[in-house]
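A.B. asks: Sequence:
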Amino acid sequence: PAVMVKISGYLDQEHAVAVQKMLMDWFPKGLRIILLREPASVFEMTANDKLLYTKKKWKFTEECPTGLFPLEQNKIRLTLTELMESAPAEAREVISQGDFKFYTLKQLEDWRWWKLAFIVLGIMLALYIFLGFYSPELQKE
801 PAVMVKISGY LDQEHAVAVQ KMLMDWFPKG LRIILLREPA SVFEMTANDK LLYTKKKWKF
861 TEECPTGLFP LEQNKIRLTL TELMESAPAE AREVISQGDF KFYTLKQLED WRWWKLAFIV
921 LGIMLALYIF LGFYSPELQK E
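Quick note on numbering: the sequence shown equals residues 801 to 941 in this note's numbering.
It is worth saying that the hints were derived from the structure and are not from the lab. Some hints here could point you the wrong way.
[Said to hold, decoys possible] Quick list of the computed label-pair ranges, beta carbon to beta carbon:
#: 1; residue 1: Asp825; residue 2: Ser886; range: 18 to 26 angstroms
#: 2; residue 1: Ala887; residue 2: Glu814; range: 27 to 35 angstroms
#: 3; residue 1: Gly922; residue 2: Ala891; range: 21 to 29 angstroms
#: 4; residue 1: Met824; residue 2: Ile929; range: 51 to 59 angstroms
#: 5; residue 1: Val920; residue 2: Arg877; range: 47 to 55 angstroms
#: 6; residue 1: Gly932; residue 2: Met804; range: 54 to 62 angstroms
[To be verified] Each computed DSS-like pair below joins lysine-lysine, with the alpha-carbon atoms no more than 30 angstroms apart:
#: 7; residue 1: Lys901; residue 2: Lys875
#: 8; residue 1: Lys901; residue 2: Lys859
#: 9; residue 1: Lys875; residue 2: Lys850
#: 10; residue 1: Lys829; residue 2: Lys850
#: 11; residue 1: Lys901; residue 2: Lys856
#: 12; residue 1: Lys855; residue 2: Lys806
#: 13; residue 1: Lys850; residue 2: Lys821
#: 14; residue 1: Lys829; residue 2: Lys806
#: 15; residue 1: Lys821; residue 2: Lys806
#: 16; residue 1: Lys859; residue 2: Lys875
#: 17; residue 1: Lys901; residue 2: Lys806
#: 18; residue 1: Lys857; residue 2: Lys821
#: 19; residue 1: Lys857; residue 2: Lys875
#: 20; residue 1: Lys821; residue 2: Lys901
#: 21; residue 1: Lys856; residue 2: Lys821
#: 22; residue 1: Lys856; residue 2: Lys806
None of the values given here were measured: they were computed from a predicted structure. All C-beta atoms, glycine included, are put in the ideal place defined by N, C-alpha and C.
All chains should be built: construct the whole structure from the sequences, respecting the hints.
C.D. replies: Shown next, in the form of structure tokens:
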């Protein structure tokens, strides 16, 4: 791809999808979008590892699903257009790709509970076997 965009500090899944949709509507070819899943206090977008845009989360507008004002959107679009134009022609022809793999908090919590349950059951089984072999009271039965 001509431009690699990394996004961090998005509010939630809906916000991340809205921002990606906006970018991919502008540039159906030439973009690769990656969502950084580490918690961040500030919304940031980088393009080819250079800071493209940053905004404090509490300054988002509610008028647009992206949280960005039209002037901010225009600034991002202009910068990305300049990067696209400076990229090799073959890189600009690659179909844009978003990053739409999400794991909800509930899915992660469910996985953690299953892992914990297997650990506890494993410990209980080990104790049962240990006590069965080494406890004289249990061997008499």
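A.B. asks: Confirm or reject each hint.
C.D. replies: Hints, verified against the model:
About 21 angstroms separates the C-beta atoms of Asp825 and Ser886, a value consistent with the hinted range of 18 to 26 angstroms. Look at Ala887 against Glu814: about 30 angstroms separates their beta carbons, and that is inside 27 to 35 angstroms. Taking the beta carbon of each, Gly922 and Ala891 are about 51 angstroms apart, not inside 21 to 29 angstroms as hinted. Range check, Met824 to Ile929: Cβ separation about 56 angstroms, and the 51 to 59 angstroms hint holds.
Between Val920 and Arg877, the C-beta spacing of about 53 angstroms keeps the proposed range 47 to 55 angstroms intact. The given range of 54 to 62 angstroms is respected by Gly932 and Met804, whose C-beta atoms sit roughly 58 angstroms from each other. Taking the CA atoms of Lys901 and Lys875, the gap is near 27 angstroms; set against the 30 angstroms cutoff, the hint holds. In summary, the hint linking Lys901 to Lys859 is supported, as the alpha carbons are separated by about 26 angstroms, within the 30 angstroms threshold.
Annotation: proposed proximity of Lys875 to Lys850 holds, straight-line Cα distance about 15 angstroms (limit 30 angstroms). Of the pairs offered as hints, the one joining Lys829 and Lys850 holds, with about 20 angstroms between alpha carbons and a cut-off of 30 angstroms not exceeded. For a cut-off of 30 angstroms, the pair hint linking Lys901 to Lys856 stands: about 24 angstroms separates their Cα positions. Taking the CA atoms of Lys855 and Lys806, the gap is about 14 angstroms. The hint holds against a cut of 30 angstroms.
For a cut-off of 30 angstroms, the pair hint linking Lys850 to Lys821 stands: about 21 angstroms separates their Cα positions. Under the criterion of a C-alpha separation no larger than 30 angstroms, the hint pairing Lys829 with Lys806 is consistent with the structure, at around 16 angstroms. Only pairs whose Cα atoms come within 30 angstroms are accepted, and Lys821 paired with Lys806 is accepted, the gap being roughly 14 angstroms. This hinted pair checks out: Lys859 and Lys875 have alpha carbons roughly 17 angstroms apart, not beyond 30 angstroms.
For the suggested pair Lys901 and Lys806, the alpha carbons sit about 14 angstroms apart, so the restraint of at most 30 angstroms is met. Our distance criterion of 30 angstroms between C-alpha atoms is met by Lys857 and Lys821, whose separation comes to about 19 angstroms. Annotation: proposed proximity of Lys857 to Lys875 holds, straight-line Cα distance about 18 angstroms (limit 30 angstroms). With a C-alpha separation of about 14 angstroms, the suggested pairing of Lys821 with Lys901 holds against the 30 angstroms cut-off.
Distance hint between Lys856 and Lys821 is fulfilled; the C-alpha atoms sit about 21 angstroms from each other, no more than 30 angstroms. Our distance criterion of 30 angstroms between C-alpha atoms is met by Lys856 and Lys806, whose separation comes to about 17 angstroms.
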